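Enquirer: Spelled out, the chains give:
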Amino acid sequence: MSKGPLIYRQRIWTRVTHWIWAVCLFFLMLTGLQIFNAFPSLHVGQESGFDYDNAILSIGAVQEGESLRGVTRVGGVEFDTTGVLGVSNGEARAFPAWATIPSYTSLATGRLIHFFFAWVLVGTLAVWLVASALNGHLRDLFPTMADVRGLPRDVVDHARLRIHHTRRYSVLQKLAYAGVMFVALPLMIATGLTMSPSFNATAPWLLDAFGGRQTARTIHFIVMWALVGFFVVHMLMILLAGPFNELRSIITGWYRLDKGEE
Amino acid sequence: MMQRRGFLTAAAGGAMLGLSGCKVLDTAAKPGGAARGILMAANGLTYRTQRLLGGDALAPEFTAADIRQGQKPNGTINPSDTDYQTLASAGFADWRLNVIGAVENPLSLTLGALQAMPARSQITRHDCVEGWSCIAKWTGVPLSQVLDAARPRANARYIVFHCMDTIERSLSGLVKYYESIDLRDAVHPQTILAYGLNDAPLPVANGAPLRLRVERQLGYKMAKYLHTIEVVEGVQAFGDGNGSYWADRGYEWYAGI
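These protein sequences, in sequence, are chains A and B.
Reading the first sequence from the start, the letters are residues 1 to 262 in this note's numbering.
Reading the second sequence from the start, the letters are residues 1 to 257 in this note's numbering.
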């Protein structure tokens with residue numbers, strides 16, 4: 001295999017913060033599912049409808065003769081999700097034990113771990129933002145005019161699994177990373193804060209911005225899945241682009257370019 | 001190709017490590033576990049931040065049009081305690097709210113006496129720690145009015161709310177629900193002792209004859225079925241010493257998020 005030059009591509013600030021928030025997001029997601037399990041339905045508006053229906057998703061269990069059946073309702077459509085959602089291991093719980101932290105049911109412990117890692121994440125993002133503003137890494141994430149012109153070609157290249165190893169991120173890479181850093185994660189923090197009755201008194205405009213506490217909770221859940229989607233694509237791209245080179249760059253900072261690149 | 005296989009092996013190994021890690025984590029995060037103290041430190045940070053940012057700001061209030069359903073009852077919804085049942089069957093005529101502890105002027109107030117004090121109504125959103133919300137109109141007497149009448153001593157720091165309902169029947173005996181807030185929340189204008197819900201007397205399911213409303217915190221702070229308010233210097237003497245039934249069971253004492 002022909003090889004191009006080895007370059008120092010990822011600074012220490014980028015690498016360390018990347019791994020810290022990777023750990024944070026892992027814990028935040030799985031404790032989030034634990035918290036969700038305490039009230040496994042999502043509503044739109046200020047409140048949760050009990051005497052009327054404003055739910056867009058609900059996960060529950062229904063007794064059928066001797067056995068429990070897991071039922072997931074999305075919009076007006078019901079799905080039998082026994083074994084995974086609603087009922088798993090014969091127990092009525094929305095997300096199964098293997099998908100939650102802790103694995104046993106404990107809202108108190110789930111919240112404790114969730115808020116701990118929420119703080120670590122916010123701190124890490126702040127460090128990353130300051131360091132990246134100072135060392136120029138922020139500019140790496142913003143598409144240039146040339147990038148925008150090259151977008152169709154980058155889409156075609158990715159669709160054909162032709163991955164280039166260049167000094168700069170490709171335009172799709174920039175859009176994905178910028179989407180996570182400047183859209184998804186800020187949305188997670190803002191919708192999380194909107195669920196706090198204390199913070200509602202501090203910043204009531206957040207309730208107006210998201211259309212109510214229950215809508216904020218729903219958005220929090222949906223953006224979580226968007227982040228999971230990003231993670232899946234992120235892993236696939238690492239496998240396709242060559243996991244050794246990709247992992248080396250985010251661990252040591254050194255990255256091998258394609259032959260002819262500099 | 002070798003690189004890829006190596007990566008997949010490492011990934012599979014990592015996944016197995018993750019599974020055994022779950023057990024370690026489950027244990028470490030339990031009360032008394034190795035990680036619990038570190039995790040709890042974040043609670044302190046959350047508390048101080050909320051106090052710093054919140055100040056004495058008011059919780060959002062809503063309009064009558066936002067009340068679209070009855071207030072969902074939760075926790076104890078009909079205390080089976082004999083004392084309570086007796087009081088309830090007499091329409092709470094013999095019920096008294098006792099204000100005791102570090103006060104110059106201990107009180108024993110009838111429901112009528114509380115209703116004769118200046119009242120406040122507020123349409124607010126009740127947020128349960130489980131995740132749901134419900135909007136309702138609450139009417140009651142500001143706690144600050146009652147405290148002013150009782151005149152707390154200089155060493156007063158917390159208000160403990162003693163409830164009539166038995167929330168737990170454990171091997172060690174009966175556990176009555178209790179809660180506490182500090183003086184700062186106690187004198188917040190929206191902190192009221194509510195006897196009315198949605199323009200009707202407070203129903204038994206929602207805490208009759210009197211319950212607490214602390215609008216910037218979660219539902220479990222809003223103790224129902226009150227019989228005594230105790231003004232204290234510290235909360236260590238009550239329950240397991242964490243200041244509330246649910247704080248004794250691992251939840252935050254300050255439930256602002």
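Hints should not be assumed to be uniformly reliable.
Which stretches of chain A does chain B cover? Using the computed rule of at least three CB atoms under 8 Å from a CB of chain B, they are [said to hold, decoys possible]: (1) 32 to 38; (2) 83 to 90; (3) 142 to 148; (4) 154 to 167; (5) 196 to 202.
For the record, the hints were derived by calculation from the structure and aren't laboratory data.
Just so it is clear, the structure is predicted and the values come from calculations on it, not from any experiment.
Note that the Cβ used here is the ideal one computed from N, Cα and C, for glycine as well.
Enquirer: Does each hint hold? Answer for all of them.
Expert: Taking the hints in turn, this is what the structure says about them:
1. Chain B is given as covering the segment 32 to 38 of chain A, and this holds because 3 residues of the stretch bring a CB closer than 8 Å to a CB of that chain, at least three being needed.
2. Counting residues of the segment 83 to 90 of chain A whose C-beta lies closer than 8 Å to any C-beta of chain B gives 0; at least three are required, and the coverage claim is violated.
3. Proximity of the segment 142 to 148 of chain A to chain B, defined as three or more residues with a beta carbon under 8 Å from a beta carbon of that chain, is not established by the 0 residues found.
4. With 0 residues having a Cβ less than 8 Å from any Cβ of chain B, the segment 154 to 167 of chain A misses the three-residue criterion, and the hint is violated.
5. For the segment 196 to 202 of chain A, the assignment as covered by chain B holds, since 7 residues bring a beta-carbon within under 8 Å of that chain's beta-carbons and 3 suffice.
When each numbered hint is compared with the structure, violations occur for hints 2, 3 and 4.
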